[in-house]
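Chemist: Sequence:
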Amino acid sequence: HTKTGNPLVDSVAEHQAASQQAYWQYLHMLCFMAPIGFFMVLFRFGDSSCFLFVYATAAYFFSHKMVRLILLAAPISSCLGGIAVGRIVSWSTSVLLGEGDEPLETKDTND
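Taking my numbering, the leading residue of the sequence shown gets 1, the next gets one more, and so forth.
FYI, nobody ran anything at the bench for these hints, they're computed from the structure. A quick note: this is a predicted structure, and the numbers were derived from the prediction, not measured. Even glycine gets a Cβ: it sits at the ideal position worked out from N, Cα and C. Keep in mind that a hint or two might mislead.
[Claimed, not checked] Label pairs and their in silico Cβ distance ranges: (1) Phe43 with Gly5: 39 to 49 Å; (2) Ser90 with Gln16: 32 to 42 Å; (3) Asn6 with Leu71: 19 to 29 Å; (4) Leu8 with Gly46: 43 to 53 Å; (5) Val85 with Gly5: 13 to 23 Å; (6) His64 with Asn6: 16 to 26 Å; (7) Leu8 with Phe62: 18 to 28 Å; (8) Phe62 with Trp24: 35 to 45 Å; (9) Asn6 with Val95: 11 to 21 Å.
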């Protein structure tokens, strides 16, 4: 009972700090997709992006302190993972369909 001085609190596994294995167990593929979405949100910063940024930062901070609080990180991880997947799929389809690649037509002034 060295952390809090209370042997009951220190003996409960849920009160221990979260490990990478715990994040992988609860969030699985979102461990990779959520950080990508987090950085994508930072590039288009506005009111909604600010909310996602603050929520993600607070959820990660508190879930890192205690294993049982990883559940707080699940909703924002899903949102950020969805943003990452959505933007990647949108970009991929635009590249595959050739949208946005047409050169701009220049007007010939000699006619």
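Chemist: Determine for every hint whether it applies to the structure shown.
Modeler: Do the hints match the structure? See the list:
1. Phe43 with Gly5: 39 to 49 Å: holds, 45 Å
2. Ser90 with Gln16: 32 to 42 Å: Given a distance of about 40 Å, which is inside 32 to 42 Å, the answer is holds.
3. Asn6 with Leu71: 19 to 29 Å: Since Asn6 and Leu71 have Cβ atoms about 23 Å apart, the given range 19 to 29 Å holds.
4. Leu8 with Gly46: 43 to 53 Å: holds, 46 Å
5. Val85 with Gly5: 13 to 23 Å: Violated, at about 45 Å.
6. His64 with Asn6: 16 to 26 Å: holds, 21 Å
7. Leu8 with Phe62: 18 to 28 Å: holds, 21 Å
8. Phe62 with Trp24: 35 to 45 Å: violated, 18 Å
9. Asn6 with Val95: 11 to 21 Å: violated, 57 Å
The structure fails to meet hints 5, 8 and 9 from the earlier list, while all remaining hints are met.
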